[in-house]
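Student: As a plain string of letters, each chain reads:
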Amino acid sequence: MAALISTYAVADRPLKARPGVGETISQTLTMARRAYIKMMRNPEQFFDVTIQPLLFTAMFAYIFGGAISGDVKSYLPTIITGILAQTALTASMARGTQLREDMDKGVFDRFKALPIARIAPLAGPAVADLLRYGIAATLTIVVGLLMGYRPGGGVGGVLAGWALTIFAGWSLSWIFTWLGTVLKTAGGVQGLGMMIMFPLTFLSPAFVPKETMPDWLQHFVDVNPVTLVINATRDLMNAGDVTMSVVWALVGCAAVVAIFAPLSVWSYSKKL
Amino acid sequence: MTTTTELAVSASGLVKTFGDFTAVDGIDLEIRRGEVFGVLGPNGAGKTTTLKMLATLLPIDAGKAEIFGVDVKAHPHQVRQLVGVTGQYASVDENLTATENLVLFGRLLGMSGKAARAASEELLESFGLQEAAKRQISKFSGGMRRRLDLAASLLSRPPLIFLDEPTTGLDPRTRGQMWDTIRTLVAGGSTVLLTTQYLDEADQLADRIAVIDRGVKVAEGTSEQLKTSVGNSTLHLRLSDKTQVATAAAVVEKVTGDRPVLTPEAGGVNVPLADADRAADVLIGLRHAGISITTANVQQPTLDEVFLALTGHGTDSPESAVSPDNSVNSDIHTEEVA
Ligand SMILES: Nc1ncnc2c1ncn2[C@@H]1O[C@H](COP(=O)(O)OP(=O)(O)O)[C@@H](O)[C@H]1O
Ligand SMILES: [Mg+2]
Numbered sequence: 569m570a571a572l573i574s575t576y577a578v579a580d581r582p583l584k585a586r587p588g589v590g591e592t593i594s595q596t597l598t599m600a601r602r603a604y605i606k607m608m609r610n611p612e613q614f615f616d617v618t619i620q621p622l623l624f625t626a627m628f629a630y631i632f633g634g635a636i637s638g639d640v641k642s643y644l645p646t647i648i649t650g651i652l653a654q655t656a657l658t659a660s661m662a663r664g665t666q667l668r669e670d671m672d673k674g675v676f677d678r679f680k681a682l683p684i685a686r687i688a689p690l691a692g693p694a695v696a697d698l699l700r701y702g703i704a705a706t707l708t709i710v711v712g713l714l715m716g717y718r719p720g721g722g723v724g725g726v727l728a729g730w731a732l733t734i735f736a737g738w739s740l741s742w743i744f745t746w747l748g749t750v751l752k753t754a755g756g757v758q759g760l761g762m763m764i765m766f767p768l769t770f771l772s773p774a775f776v777p778k779e780t781m782p783d784w785l786q787h788f789v790d791v792n793p794v795t796l797v798i799n800a801t802r803d804l805m806n807a808g809d810v811t812m813s814v815v816w817a818l819v820g821c822a823a824v825v826a827i828f829a830p831l832s833v834w835s836y837s838k839k840l
Numbered sequence: 002m003t004t005t006t007e008l009a010v011s012a013s014g015l016v017k018t019f020g021d022f023t024a025v026d027g028i029d030l031e032i033r034r035g036e037v038f039g040v041l042g043p044n045g046a047g048k049t050t051t052l053k054m055l056a057t058l059l060p061i062d063a064g065k066a067e068i069f070g071v072d073v074k075a076h077p078h079q080v081r082q083l084v085g086v087t088g089q090y091a092s093v094d095e096n097l098t099a100t101e102n103l104v105l106f107g108r109l110l111g112m113s114g115k116a117a118r119a120a121s122e123e124l125l126e127s128f129g130l131q132e133a134a135k136r137q138i139s140k141f142s143g144g145m146r147r148r149l150d151l152a153a154s155l156l157s158r159p160p161l162i163f164l165d166e167p168t169t170g171l172d173p174r175t176r177g178q179m180w181d182t183i184r185t186l187v188a189g190g191s192t193v194l195l196t197t198q199y200l201d202e203a204d205q206l207a208d209r210i211a212v213i214d215r216g217v218k219v220a221e222g223t224s225e226q227l228k229t230s231v232g233n234s235t236l237h238l239r240l241s242d243k244t245q246v247a248t249a250a251a252v253v254e255k256v257t258g259d260r261p262v263l264t265p266e267a268g269g270v271n272v273p274l275a276d277a278d279r280a281a282d283v284l285i286g287l288r289h290a291g292i293s294i295t296t297a298n299v300q301q302p303t304l305d306e307v308f309l310a311l312t313g314h315g316t317d318s319p320e321s322a323v324s325p326d327n328s329v330n331s332d333i334h335t336e337e338v339a
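Chains L and R, in that order, give the protein sequences.
569 is the number of the first residue of the first sequence in the working numbering; add one for each residue after it.
2 is the number of the first residue of the second sequence in the working numbering; add one for each residue after it.
One chain only, chain L, in its complex shape (with noise of 0.2 Å):
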């Protein structure tokens, strides 16, 4: 102990003003690291992105397809995106709750009182969180191609598209993260997150064509973020195409990480 002690450094030492960028990468990195930890110590975390995407993309083929497409097999190509994309979200909206749950914890008090940046606590989760991302969408796809899913798009189409909806998934989670942050509980982001995520994921050509909606639907599905990832794999997966659908999706998810990061980042260090 006596060594230890001895060691201290005087107050005179050099303060920097900011941590620099290099450091916030590598702050971001370890909290990645953190949250990778506790997922692999707490498998339930892998339920939503496992479970779901089975269930649902087997459930909502055999149920919808014959009604929708005329038989299984052709509304293949409609399904599999639109879950690809339903299922980003869903894993997304975790990001809030524990998020939430987690700062109600102890240890988010030793990270206020560190000398890192700000964005680290939230930002590394979400880097972590681009493994759940990556299980549902290659299960989904898996499933998929078991049930006959033969993607126009090939090899590259299909992975353009496993790489979006990843990428969409990490974007989304930024609003999430910024509901954990402004909400009190945990409860309280998971009502909100289902109150944004459900007429996100339906009011989408997800799983029915937009012409069947009513034409006031078709407004809000029209300037849907998640039409615009649901379009863009459709084109990717299905034709192998980057149409202008691709362009506006990682447009539309950026546009949702340049607003909803920010937002975060203020409304957790407001309230230190």
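FYI, nobody ran anything at the bench for these hints, they're computed from the structure.
Careful, some of the hints might be misleading.
Stated by the list, open to error - Listed next, the in silico DSS-like pairs over lysine-lysine satisfying Cα-Cα at most 25 Å (straight line):
no. : chain 1 : residue 1 : chain 2 : residue 2
1   : R       : Lys115    : L       : Lys606
2   : L       : Lys778    : L       : Lys641
3   : R       : Lys135    : L       : Lys673
4   : L       : Lys606    : L       : Lys673
5   : L       : Lys838    : R       : Lys74
6   : L       : Lys673    : L       : Lys752
7   : L       : Lys778    : L       : Lys606
8   : R       : Lys115    : L       : Lys584
9   : R       : Lys243    : R       : Lys255
10  : L       : Lys838    : L       : Lys673
11  : L       : Lys584    : R       : Lys74
12  : L       : Lys584    : R       : Lys65
13  : R       : Lys140    : L       : Lys673
14  : L       : Lys838    : L       : Lys584
15  : R       : Lys135    : R       : Lys115
16  : R       : Lys65     : L       : Lys838
17  : R       : Lys140    : L       : Lys606
18  : L       : Lys752    : L       : Lys641
19  : R       : Lys135    : L       : Lys606
Said to hold, decoys possible - Computed, partial: chain R to chain L, Cβ under 10 Å:
no. : residue
20  : Asp72
21  : His76
22  : Leu110
23  : Arg136
All residues carry an ideal CB built from backbone N, CA and C; glycine is no exception.
Assemble chain R with the ligands onto chain L, guided by the hints.
Tutor: Then chain R with the ligands, alone, in the frame of chain L:
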């Protein structure tokens, strides 16, 4: 940017309100480098809130605070480089092991993985936690959590350490261990700001003490100054033979010049002492008069008495009145003096 001032903490007029409730109402603090400063007050006095404002964990509503001359409001990132905070509730990750926690904090502080592991090992050893290194914190005892928490605050070797009620809720033995740890820190030259509900804890550890109540500082000084401002210690005696109470009272009065307070039915004689050292004189006097006693102990004023004297009201919360193990009392057994 470097720091130059002689003061580790300098705060004036600190205010914190929650809605229309003022938790901290204009507190001034000056803590010199290398000293242990105790903030003493009952539950709800505003100790944690004050500490959190100084540690950048809560916004300062009014007033000004500087840590080693660095303004807390204007330069929170710098202040965080100077202070190690150990909160009232353990701020470590329940789902990680002790080592994982310390390595995580070390990495966040910019250490390499190797350096963080080495520092973690060294700290766990210093705090007697090496056997528990690979265990998840959720399986730790209260005392182990506190020690790990303190270890985590020391990773950056901060020149100023905040300890919020470091021993509240610990059993007397663990409490003693924590005190030893804090004394070692102090011997190493750290400046420590500690809060406590126990007068004896402040007495044991702090060079100077500020007493706060309902968000206001009501007194400040050394532990001796506080106690003498409040009153004297008392020697509580119990006689073997109850009939000797009157004789004993006369003997005591001759030694101290004051009349003791008597409880004849219990054979009790309570002697107010201007100075605790006078207890021995009283005991020797009784021995010479052939009066035998069964128990004797010297009691310092309790926090409750300090409070009553300083504020005109008690501490409100029953559990904060005296320390759980009564270690204020320096028990003097008759055999030892006789
Ligand atoms: N976040 C908060 N919101 C509302 N009231 C609070 C909050 N934090 C503390 N208080 C109140 O402020 C007072 C002082 O609290 P605190 O600083 O924790 O006291 P202490 O640490 O001395 O026990 C208490 O009455 C407490 O209920
Ligand atoms: Mg407190």
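Student: Please go over all the hints and tell whether each is borne out by the structure.
Tutor: Cross-check of the supplied hints:
1. With a CA separation close to 22 Å, the supplied pair lysine 115 of chain R and lysine 606 of chain L stays within the 25 Å bound.
2. Under the criterion of a C-alpha separation no larger than 25 Å, the hint pairing lysine 778 of chain L with lysine 641 of chain L is consistent with the structure, at around 20 Å.
3. Taking the CA atoms of lysine 135 of chain R and lysine 673 of chain L, the gap is about 21 Å. The hint holds against a cut of 25 Å.
4. Of the supplied pair hints, the one linking lysine 606 of chain L and lysine 673 of chain L holds, its CA atoms being roughly 14 Å apart against a limit of 25 Å.
5. Between the alpha carbons of lysine 838 of chain L and lysine 74 of chain R the distance comes to roughly 12 Å, so the proposed pair stays at or under 25 Å and holds.
6. Restraint check for lysine 673 of chain L and lysine 752 of chain L: satisfied, since their Cα atoms lie roughly 13 Å apart, inside the 25 Å limit.
7. Distance restraint check for lysine 778 of chain L and lysine 606 of chain L: the Cα-Cα separation of roughly 40 Å exceeds the 25 Å cut-off, and the hinted pair is therefore not satisfied.
8. The hinted pair formed by lysine 115 of chain R and lysine 584 of chain L meets the criterion: a straight-line CA distance of about 23 Å does not exceed 25 Å.
9. Taken as a hint, the lysine 243 of chain R and lysine 255 of chain R pair is honoured in the structure, with Cα atoms around 20 Å apart against an allowance of 25 Å.
10. Distance restraint check for lysine 838 of chain L and lysine 673 of chain L: the Cα-Cα separation of roughly 18 Å lies within the 25 Å cut-off, and the hinted pair is therefore satisfied.
11. Distance restraint check for lysine 584 of chain L and lysine 74 of chain R: the Cα-Cα separation of roughly 16 Å lies within the 25 Å cut-off, and the hinted pair is therefore satisfied.
12. Between the alpha carbons of lysine 584 of chain L and lysine 65 of chain R the distance comes to roughly 21 Å, so the proposed pair stays at or under 25 Å and holds.
13. A distance of roughly 16 Å separates the Cα atoms of lysine 140 of chain R and lysine 673 of chain L; the hinted pair therefore holds under the 25 Å criterion.
14. With a C-alpha separation of about 21 Å, the suggested pair lysine 838 of chain L and lysine 584 of chain L falls inside the 25 Å cut-off, and the hint holds.
15. At most 25 Å may separate the alpha-carbon atoms for a hinted pair to count; lysine 135 of chain R and lysine 115 of chain R meet this at roughly 17 Å.
16. Between lysine 65 of chain R and lysine 838 of chain L the CA atoms are separated by roughly 18 Å; this keeps the pair inside 25 Å, and the hint holds.
17. Distance check on the hinted pair: lysine 140 of chain R and lysine 606 of chain L sit about 16 Å apart at the alpha-carbon level, within 25 Å; holds.
18. A C-alpha spacing of about 46 Å is found between lysine 752 of chain L and lysine 641 of chain L, which places the hinted pair above 25 Å, so the restraint is violated.
19. For the hint pairing lysine 135 of chain R with lysine 606 of chain L, the CA-to-CA distance comes to about 15 Å; that is within 25 Å, so the pair holds.
20. Interface hint at aspartate 72 of chain R: violated, since its Cβ lies 12 Å from the closest Cβ of chain L, which is beyond the 10 Å cut-off.
21. Evaluation of the histidine 76 of chain R hint against chain L yields a held restraint, the C-beta minimum of about 8 Å falling below 10 Å.
22. Hint status for leucine 110 of chain R relative to chain L: holds, with the closest Cβ pair at about 7 Å, below 10 Å.
23. A cut of 10 Å between beta carbons decides the hint on arginine 136 of chain R: the least distance to chain L is about 13 Å, and the hint is violated.
Checked against the numbered hints above, the structure violates hints 7, 18, 20, 23; every other hint is satisfied.
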